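Engineer: Produce the entire structure from the sequences given, and follow the hints as far as they go.
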Amino acid sequence: MGEVHTGLLQNSGEVPESTCHELLNLLSGERVRVSRRPIVHAVSPDLLTGVDCRLPSASRSRIRGAGTVLSRSSITGGRVVQGSSHTRIERAGSDRRQPWSHYLARPGVVEVLGKVKARDLADGFAEEPPPDGLDLGAISARFMDVVQTSSLLDRRTPFKIARTKLRWVAEPGEPAITFTLRSDQMRTIRLVHQGEFTPGVVDLCEDLALHDWLLTSLLVIIERARIGGTSATETAVKLAPAVDHLLHLWMPMARVDDALIPFWESLDRRPGFTRQWQSMVDRVRDQLAVRTLAFLRETGGGKAQ
Amino acid sequence: MTSVNATFGEVTAERRVAATPLSHVSIELGHLYMEDFEAGPERLREQFRRVAPWAGAVRSSWQNRVPGGRARVSTCFLIDDYFSRFSTPAELVPMVLDAAAECDLTIDYLARESSCAESNGIELARLVEGRLVNDPPPDTNGSRPPVKESGWLCNGARSPQVGTVQAMGRTSPWAPPLQNAKRGHSIFVDVELWDERGGRRTWSCPFLAAVWQLLRLGLLRADGQVPLRPVPRGDGFPDDWESLPAIVQLNPAAAPFSAYTTLSVLSPRFLPVELAVRTILSQVAVDADVLRQVIARSGGEDIQLEEELVDRISYVFT
Numbered sequence: 581m582g583e584v585h586t587g588l589l590q591n592s593g594e595v596p597e598s599t600c601h602e603l604l605n606l607l608s609g610e611r612v613r614v615s616r617r618p619i620v621h622a623v624s625p626d627l628l629t630g631v632d633c634r635l636p637s638a639s640r641s642r643i644r645g646a647g648t649v650l651s652r653s654s655i656t657g658g659r660v661v662q663g664s665s666h667t668r669i670e671r672a673g674s675d676r677r678q679p680w681s682h683y684l685a686r687p688g689v690v691e692v693l694g695k696v697k698a699r700d701l702a703d704g705f706a707e708e709p710p711p712d713g714l715d716l717g718a719i720s721a722r723f724m725d726v727v728q729t730s731s732l733l734d735r736r737t738p739f740k741i742a743r744t745k746l747r748w749v750a751e752p753g754e755p756a757i758t759f760t761l762r763s764d765q766m767r768t769i770r771l772v773h774q775g776e777f778t779p780g781v782v783d784l785c786e787d788l789a790l791h792d793w794l795l796t797s798l799l800v801i802i803e804r805a806r807i808g809g810t811s812a813t814e815t816a817v818k819l820a821p822a823v824d825h826l827l828h829l830w831m832p833m834a835r836v837d838d839a840l841i842p843f844w845e846s847l848d849r850r851p852g853f854t855r856q857w858q859s860m861v862d863r864v865r866d867q868l869a870v871r872t873l874a875f876l877r878e879t880g881g882g883k884a885q
Numbered sequence: 012m013t014s015v016n017a018t019f020g021e022v023t024a025e026r027r028v029a030a031t032p033l034s035h036v037s038i039e040l041g042h043l044y045m046e047d048f049e050a051g052p053e054r055l056r057e058q059f060r061r062v063a064p065w066a067g068a069v070r071s072s073w074q075n076r077v078p079g080g081r082a083r084v085s086t087c088f089l090i091d092d093y094f095s096r097f098s099t100p101a102e103l104v105p106m107v108l109d110a111a112a113e114c115d116l117t118i119d120y121l122a123r124e125s126s127c128a129e130s131n132g133i134e135l136a137r138l139v140e141g142r143l144v145n146d147p148p149p150d151t152n153g154s155r156p157p158v159k160e161s162g163w164l165c166n167g168a169r170s171p172q173v174g175t176v177q178a179m180g181r182t183s184p185w186a187p188p189l190q191n192a193k194r195g196h197s198i199f200v201d202v203e204l205w206d207e208r209g210g211r212r213t214w215s216c217p218f219l220a221a222v223w224q225l226l227r228l229g230l231l232r233a234d235g236q237v238p239l240r241p242v243p244r245g246d247g248f249p250d251d252w253e254s255l256p257a258i259v260q261l262n263p264a265a266a267p268f269s270a271y272t273t274l275s276v277l278s279p280r281f282l283p284v285e286l287a288v289r290t291i292l293s294q295v296a297v298d299a300d301v302l303r304q305v306i307a308r309s310g311g312e313d314i315q316l317e318e319e320l321v322d323r324i325s326y327v328f329t
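Line by line, the protein sequences are chains V and L. Position one of the first sequence corresponds to residue 581 (the working numbering), numbered consecutively onward. Position one of the second sequence corresponds to residue 12 (the working numbering), numbered consecutively onward.
Since the hints were made in silico from the structure, they are not lab data. None of these values were measured; they are calculated from a predicted model. We put the beta carbon where it would ideally sit given N, CA and C, even for glycine. Hints should not be assumed to be uniformly reliable.
The calculated label-pair distances, taken between Cβ atoms and stated as ranges, are [stated by the list, open to error]:
id : chain 1 : residue 1 : chain 2 : residue 2 : range
1  : L       : Glu129    : V       : Ser592    : 34 to 40 Å
2  : V       : Arg640    : L       : Ser325    : 43 to 49 Å
3  : L       : Glu46     : V       : Pro710    : 54 to 60 Å
4  : L       : Ile198    : V       : Arg640    : 31 to 37 Å
5  : V       : Ser592    : L       : Leu282    : 54 to 60 Å
6  : L       : Ile198    : V       : Ala756    : 47 to 53 Å
7  : L       : Val158    : V       : Val823    : 58 to 64 Å
Structural biologist: Shown next, in the form of structure tokens:
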């Protein structure tokens with residue numbers, strides 16, 4: 581299970597790769613990994629956070645777990661920042677809390693002390709986790725904040741946009757994926773994968789979170805532009821940041837494992853992320869084209885006659 | 012048209028972790044401080060005489076364990092040049108070697124303690140500090156950043172501060188500290204990792220000893236590379252410590268410096284230090300790729316290594 585927070589990097593423009601390196605250099609002696617194709621994507625080293633607390637449960641049972649959460653920060657296209665945390669829940673061999681070295685030998689695993697039903701746990705996490713229970717959201721938020729509060733950023737964003745949170749649970753079984761918009765900022769994914777859990781599932785959820793954030797942000801920008809409700813110039817001014825900062829970032833499945841691509845594709849069929857994105861992009865471009873034509877008519881139109 | 016399987020790779024996107032050669036066991040024959048040196052060569056000989064039978068026992072136990080008796084055993088000796096500087100390599104190293112030889116011991120590698128803090132521009136101690144993942148007390152759910160007392164590390168929850176005034180003007184009574192994984196009763200340990208005076212950080216002896224153990228276990232990497240490799244000895248030994256490599260290989264035929272397991276033969280006066288070392292090492296998150304690498308290698312030799320790295324470290328206090 582995991583939670584990904586996604587937001588706009590607190591900077592006026594796109595940051596270059598070298599700055600990404602500095603922003604994500606969270607652990608000395610470890611390199612920031614960067615892939616440049618098809619879009620620049622930089623990831624911090626994985627870091628661990630120790631937890632010993634109540635775990636989510638739909639039946640509100642008191643389940644205790646101890647272990648570590650794996651987290652990382654990433655920057656895509658020098659523009660979008662993500663804080664992502666996840667952990668695998670496993671049954672402990674014993675009901676008592678082990679020395680800490682036991683848990684550090686299993687990075688990214690939280691062991692359940694006592695009995696637990698996987699379904700109860702997954703339902704509990706996807707619904708409303710208890711406030712005093714495992715808080716992956718807070719950990720992800722910190723991994724996003726560590727980048728956002730860096731002195732390397734000028735904190736002058738071209739537009740204001742809220743961060744989105746995507747909470748996900750993956751279980752083994754017959755492949756299926758359910759994507760739910762729970763509120764303006766909260767989304768959940770229930771994913772059933774064949775065979776063992778792989779880190780590819782985390783990549784998939786981060787990729788989905790990124791594209792969901794892009795869609796959400798573009799929708800908000802179009803809404804704020806009040807197309808048809810205000811002057812064409814004002815609309816164009818409001819739409820411009822989308823062209824400058826967002827439109828080129830749509831690159832679905834760029835880092836998704838081949839075996840997991842069908843999950844993305846099924847969401848792309850219904851509800852059709854790319855279809856909606858494309859229609860909004862067309863709308864933005866049409867609006868700007870209309871505005872350009874009007875502008876040409878106003879300024880240069882006389883000369884042509 | 013038939014479909015084509017395309018493969019595209021980017022070096023900067025991949026993680027590469029170098030491997031280091033590994034012995035079966037690394038035996039630390041001694042750790043020399045200024046007071047030992049001042050006590051003269053007889054103190055050294057006495058120590059080596061105590062160590063020799065234990066070193067022999069461990070060697071033969073590994074020989075029995077490994078097919079064909081081909082156990083790879085290396086020995087090392089640590090000299091403190093961090094907390095106090097004394098003598099010179101030219102004077103001291105031959106004296107140590109002679110004393111060991113008199114007890115039929117061969118010192119394969121000699122290391123300087125200051126290299127555990129920093130060497131060749133790599134701050135090993137900082138590297139390890141960055142990898143500390145605090146042992147969480149119960150009800151740590153991630154909602155707040157881990158409580159860290161700057162420069163200290165403990166194995167549980169500290170006592171609340173005594174004497175702080177609560178609402179209604181009552182002062183809070185004393186409450187005991189608690190060990191996280193206690194068995195019945197707590198053994199609470201709080202270790203000082205470093206202190207700073209005038210902007211200069213001094214690492215504590217247990218912290219450097221923890222770095223030393225990690226080096227001997229071959230578990231440290233800097234940018235995916237092995238940070239320190241032994242350098243073969245030259246003809247003589249220099250007159251200042253800086254000119255001596257961090258780890259000198261004295262015996263050209265020695266088995267590799269790093270090993271699956273370590274044994275340190277120490278005087279009982281080091282017991283508190285080693286408890287502190289274990290408290291620190293229990294909270295160091297070694298790179299998962301390096302851990303896998305070592306497990307795969309030992310598995311290839313049919314050696315079942317302990318999962319937890321503190322269990323790969325053993326001691327003889329004599």
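Engineer: If a hint holds in the structure, say so; if it doesn't, say that too.
Structural biologist: Results of checking the hints against the structure:
no. : hint                              : in the structure
1   : L:Glu129 <-> V:Ser592: 34 to 40 Å : holds, 39 Å
2   : V:Arg640 <-> L:Ser325: 43 to 49 Å : holds, 46 Å
3   : L:Glu46 <-> V:Pro710: 54 to 60 Å  : holds, 56 Å
4   : L:Ile198 <-> V:Arg640: 31 to 37 Å : holds, 35 Å
5   : V:Ser592 <-> L:Leu282: 54 to 60 Å : holds, 58 Å
6   : L:Ile198 <-> V:Ala756: 47 to 53 Å : holds, 49 Å
7   : L:Val158 <-> V:Val823: 58 to 64 Å : violated, 46 Å
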